[in-house]
Amino acid sequence: MNRRDFIKGLLAASGLSILGFPKVSLASSPYSPSPEEAPPLPWKYEELDPEYVRKLGHLGLYCFGCGGGAFWAIMWALREKIGYPYTLVPIPSKDDLLKALSEGKKPSVPVPMQFGIAGGVGWASLCGALNGSAAAINIATEWSKAQKIIKMLFRWYEETSFPSDISNGYAVRHEFLVPKYKSDKALPQSVSGSVLCHISVSKWCVRSGYASGSPERGERCARLTGDTVAKAVEFLNASLRGELETVYPFKLSSETAECTTCHYMGKNYEEGQFTKGFMNCESCHQDLRPHIAESTLRTAFGVNVGTWAGAATVGTLAGIGAHLAVSNLRGKEEKDGEEE
Numbered sequence: 111m112n113r114r115d116f117i118k119g120l121l122a123a124s125g126l127s128i129l130g131f132p133k134v135s136l137a138s139s140p141y142s143p144s145p146e147e148a149p150p151l152p153w154k155y156e157e158l159d160p161e162y163v164r165k166l167g168h169l170g171l172y173c174f175g176c177g178g179g180a181f182w183a184i185m186w187a188l189r190e191k192i193g194y195p196y197t198l199v200p201i202p203s204k205d206d207l208l209k210a211l212s213e214g215k216k217p218s219v220p221v222p223m224q225f226g227i228a229g230g231v232g233w234a235s236l237c238g239a240l241n242g243s244a245a246a247i248n249i250a251t252e253w254s255k256a257q258k259i260i261k262m263l264f265r266w267y268e269e270t271s272f273p274s275d276i277s278n279g280y281a282v283r284h285e286f287l288v289p290k291y292k293s294d295k296a297l298p299q300s301v302s303g304s305v306l307c308h309i310s311v312s313k314w315c316v317r318s319g320y321a322s323g324s325p326e327r328g329e330r331c332a333r334l335t336g337d338t339v340a341k342a343v344e345f346l347n348a349s350l351r352g353e354l355e356t357v358y359p360f361k362l363s364s365e366t367a368e369c370t371t372c373h374y375m376g377k378n379y380e381e382g383q384f385t386k387g388f389m390n391c392e393s394c395h396q397d398l399r400p401h402i403a404e405s406t407l408r409t410a411f412g413v414n415v416g417t418w419a420g421a422a423t424v425g426t427l428a429g430i431g432a433h434l435a436v437s438n439l440r441g442k443e444e445k446d447g448e449e450e
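If you count by this note's numbering, then the sequence shown holds residues 111 to 450, one letter each, in order.
Keep in mind that the hints are not guaranteed to be accurate.
Heads up, simulated DMTMM-like pairs for lysine to aspartate or glutamate below, C-alpha to C-alpha not over 25 Å straight-line [as the list claims (entries may be wrong)]:
| no. | residue 1 | residue 2 |
| --- | --- | --- |
| 1 | Lys386 | Glu269 |
| 2 | Lys295 | Glu269 |
| 3 | Lys216 | Glu326 |
| 4 | Lys216 | Glu190 |
Calculated from the structure, these hints are not laboratory results. Bear in mind the structure is a predicted one, so any value in this text is a computation, not a measurement.
Could you put the whole structure together from the sequences, leaning on the hints where they help?
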């Protein structure tokens, strides 16, 4: 066995060849993959029917949970519409899933992004419907556009009431694809104000009166997954037409916009630059509202700078001027999204 054959065998054994990592030759440019190889990202995208993908997302959760289900739904729709290179994604067909469910089974073949189930193998962090959708978006469109679409999708999720009226209607009329429902009732709706699984689920449980382990909660998340992949496709379609900004202008929550006038990713801890991100601040930190808290705050060097209220005063004064400008705020948003 020569060195080339050994490396090919090693890739096959590790599973990388299944994912279609191309053999790139530095001497050939631009790279033209053979039919059995994956081209460089992004892959081709064509407009999809959001309602069809909504039904696929609902089906996907029944088989793979929210993370794998969302990813499968968009990838399968693109495979049906475009074919190669989406034929290289290791996922079962819609018919395979329906056959398994009709036999009272779940598919035994895992899919990419399945780890996203219940906010990451049950860790209840980022909602798997968002996680799986974002992975699919990342494959289907160039990174500069994918960032915008994913940010919009996350913000849309924060302020949307789940499950949607559309999904509730599909379930009541038995218009989803599954042969047997966890629940076919019109379920109560709630707005999470967060992209986190545990907040989204807990708020819905409190609103509805159903336990987190109930079939109704499982059905709620199936409908939510369908709603999320449908919106992801709507945004992808709009981006393809050059209409993304008009379909859903990105805007931070009012709480986050207020907080980030002083608190953002920066170099000066004492001025309040110890936070990062776009997520609704008060989805987690209602108990840490700095202007009313009495707890003391120390710098990175162990120096006591007083209470959170005192630090907030410093931060407020420091925030006057450039930090209030919209252009500067947008610049900080972009930087937060690009850096680890």
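Handout entry: Hints the structure fails to honour
Key = none
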